[in-house]
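Asker: Read top to bottom, the protein sequences are chains P and C. Heads up, the first sequence is in the working numbering, so the first residue is 124 and it goes up one at a time. Heads up, the second sequence is in the working numbering, so the first residue is 36 and it goes up one at a time.
Hints may be right or wrong, so weigh each one.
Selected chain C positions facing chain P (Cβ under 7 Å, derived; list incomplete) [as the list claims (entries may be wrong)]:
#1 L38
#2 Q469
#3 A473
Some residues of chain C that are not near chain P, with every Cβ distance over 10 Å (derived) [as the list claims (entries may be wrong)]:
#4 E43
#5 P44
#6 G45
#7 R72
#8 G74
#9 R174
#10 S178
#11 Q288
#12 M299
#13 Y310
#14 A457
#15 H475
#16 S485
#17 E494
#18 E602
#19 H603
Calculated from the structure, these hints are not laboratory results. All C-beta atoms in this analysis are idealised placements derived from N, C-alpha and C, irrespective of residue type, glycine included.
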Amino acid sequence: MAVTLSERAASHVANYMVKRGKGIGLRLGVRTSGCSGMAYKLEFADVAHPDDIQFESYGVRVLIDPKSLPYLDGTELDYAREGLNEGFRFNNPNVKDACGCGESFNV
Amino acid sequence: MALLQIAEPGESAAPHQHRLAVGIDLGTTNSLVATVRSGLAVVLSDELGRPLLPSVVRYLPDGSSEVGYEAQARQSLDPRNSIVSVKRFMGRGLQDIAHREGMPYVFDDAPGMLRLQTAAGRKSPVEVSAEILRTLRLRAEASLGGPLVGAVITVPAYFDDAQRQATKDAARIAGLPVLRLLNEPTAAAIAYGLDNASESIYAVYDLGGGTFDISILRLARGIFEVLATGGDSALGGDDFDHRIFCWMLEAAQLKPLSVEDSRMLLTRAREAKEYLTFHGVAPINARLNSGEAVDLTLTTEIFAEISQTLVAKTIQPVKKALRDAGLSVADVKGVVMVGGATRMPQVQHAVGEFFRQEPLNNLDPDKVVAIGAAKQANLLVGNGLAGDDWLLLDVIPLSLGLETMGGLVEKIIPRNATIPTARAQEFTTFRDGQTALAVHVVQGERELVSDCRSLARFELRGIPPMVAGAARIRVTFQVDADGLLAVTAREQTAGVEASIVVKPSYGLSDGEIAGMLRDSMLHVRDDALQRALKESQVDAQRLIEAVSSALATDGDLLSGEELARVEHGIVKLQGAASGENRRQIMLAMDDLEAETKDFAARRMDKSIRRAFAGRNISELDSEVLATRAGETA
């Protein structure tokens, strides 16, 4: 069971955290929402919850709540550039299908 | 799939609900667009990685246009159709434009705003600005991957209503929803996070390519107030280039140059200027068309010397702005540097020396306004951190209120209230059976309507006839973020409603506002006395109305002698109320009230007798029971 960051994603996260001036890591999760059932949560983490499962990738701490982990297991978070747009992308092997834009998905 | 950004804890947006918002610095020379990404404000670059968009629009004969670097490159070949510095024409009539004989454009006069004759037809400055905004919008949508919820667009602090409205119209034509217009110096202060700093006075020194602006801001309770502005609309970085250019001509003893050579040497001059920001000496090498070589070395010292008068020229307006604000250098807590030309060490030095402190310059001075606007836009669409969920930046300069009986002002929204805001107050009718209410909206600090400024009048009709004081009329004043006031009056029982929209600041200059405030301070005591007098007069009138209407219905309850005494009381009170002596009015009112006390008791008895007449006890009992049942149901 693991969730990882790509090196590029980790360096961007680390950079954002420095500029933000606080935070202990990155919180990933899923929640039921959106047109295809589930949506990702991608947030800065200021506190760790007791039941959080934690990983570390290239020096960045990743926190995941235990309920979300089954849906995210094996995911690599990458940082990508598409034309002028750039941002984070979940490469999640559990996803069966996603809505057109990929903002919500189904496992 | 979609690319995601990191959100603040607990604030991940639901799918398809990203609130994409941008800040736009619509500049005279260059424009920029910025956004907040993963909590960080960044300027969005074009496909070639260039953050700036030159504010140049070139119109082509086929009706199309090109914007930015493309247009700038062909500007000298097609000056008539290449519109530069269109911001100077926004909201301006032909007679407002100085030196227009020196401009390559064909102007047309039109009511309200001038027009430009181009190969693509007659264009208003609003349309030209819209081209720039559209280009920035497309860039932002490509960068952010979706349509924008809205934009904050910056304007100079000295822009008047017409210029601001023109900017908004341009955004509308460009398909860009405007969240708010923001003053440029305020945006720069926000970029530096001064909105979270201590309440104090800040100066914003903005030396751009062709304009210089100084603004003195006061931060109080998270709100920036522009205390004074000043500047020179014909002074900027380009003048420094020109000084170097002149120095080159002299130092290399050049003969009069061709247009191409001049332009080439001006470019070299600008490069040397930029080089000197980080180096002590700048080599200047060029080969003229004639084959003649130019080989010079410009040192920081020489540059400082030849540009000394230009730097000094910026300090004069700074002094004046401080004087206008009634402040001294010691009052200024921080100085924000804006505009590429503030990178020049001699400018930094002069400003630091004048204000006796290091100016704030660690953000890119070309981007600082756009960054502040982006931060503001991000907050306005609700993407902000929990805790600073709303940033209020504008205040109402003068109180807004209503005229009430006796020509008095009832203030609904006090001066310095932050906008957007909404306040409501209940009013009632003055006369029995009154079916309409005149609403007169006024602006000002004085107690009497005649001393305030009238903004609008409207009537609420269709109030059901009731006794005086029974109707409940809720008057709501709502001021949106752009200072537009909407007044609504609604009668609560019948639900009739009337409303009006006014622009309260329209046509009022800062000087007039200051004058109105000064007046109000001078007249505080007078006004309070006047108000008290007027209030007594209104009370007296109300009592007379009430007694007269009681006499009309129940006059028969009084003996002839009693009736005469009450009527005498009314006449006496009427006499007092038309005078200016508040004490006399109060006394006459007391008399009349004492005289009618018995009368009131008798009327009460009579109405009770009438209510119960012809009914027996059991009927009344069942009615009481029914009421109780209703209460518990």
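Asker: Hints first: check each against the structure and report whether it holds.
Answerer: Each hint, compared with the structure:
1. L38: The hint holds - L38 (chain C) has a Cβ within 7 Å of chain P, the shortest such distance being about 3 Å.
2. Q469: At 55 Å from the nearest chain P Cβ, Q469 (chain C) fails the 7 Å test, so the hint is violated.
3. A473: 52 Å, violated
4. E43: Non-interface label fails for E43 (chain C): nearest chain P Cβ at 6 Å, not farther than 10 Å.
5. P44: Per Cβ check, P44 (chain C) is inside 10 Å of chain P; nearest 5 Å; violated.
6. G45: Violated, because the least Cβ-Cβ distance between G45 (chain C) and chain P comes to about 7 Å, which does not exceed 10 Å.
7. R72: Check fails; 8 Å does not lie beyond 10 Å.
8. G74: 5 Å, violated
9. R174: 7 Å, violated
10. S178: Nearest chain P Cβ is 4 Å from S178 (chain C), so the label is violated.
11. Q288: Since the minimum Cβ distance to chain P is about 49 Å, Q288 (chain C) lies beyond 10 Å and the statement holds.
12. M299: Holds, because the least Cβ-Cβ distance between M299 (chain C) and chain P comes to about 33 Å, which exceeds 10 Å.
13. Y310: About 30 Å separates Y310 (chain C) from the closest Cβ of chain P, which puts it past 10 Å; holds.
14. A457: 32 Å, holds
15. H475: Consistent with the label, H475 (chain C) stays out of reach of chain P, its closest Cβ about 51 Å off (over 10 Å).
16. S485: 56 Å, holds
17. E494: Its Cβ never comes within 10 Å of chain P, the nearest being 50 Å, so this holds.
18. E602: Answer for E602 (chain C): holds, closest chain P Cβ roughly 77 Å.
19. H603: Non-interface label on H603 (chain C) holds, nearest chain P Cβ at 79 Å vs cutoff 10 Å.
When held up to the earlier numbered hints, the structure conflicts with 2, 3, 4, 5, 6, 7, 8, 9, 10 and fits the remainder.
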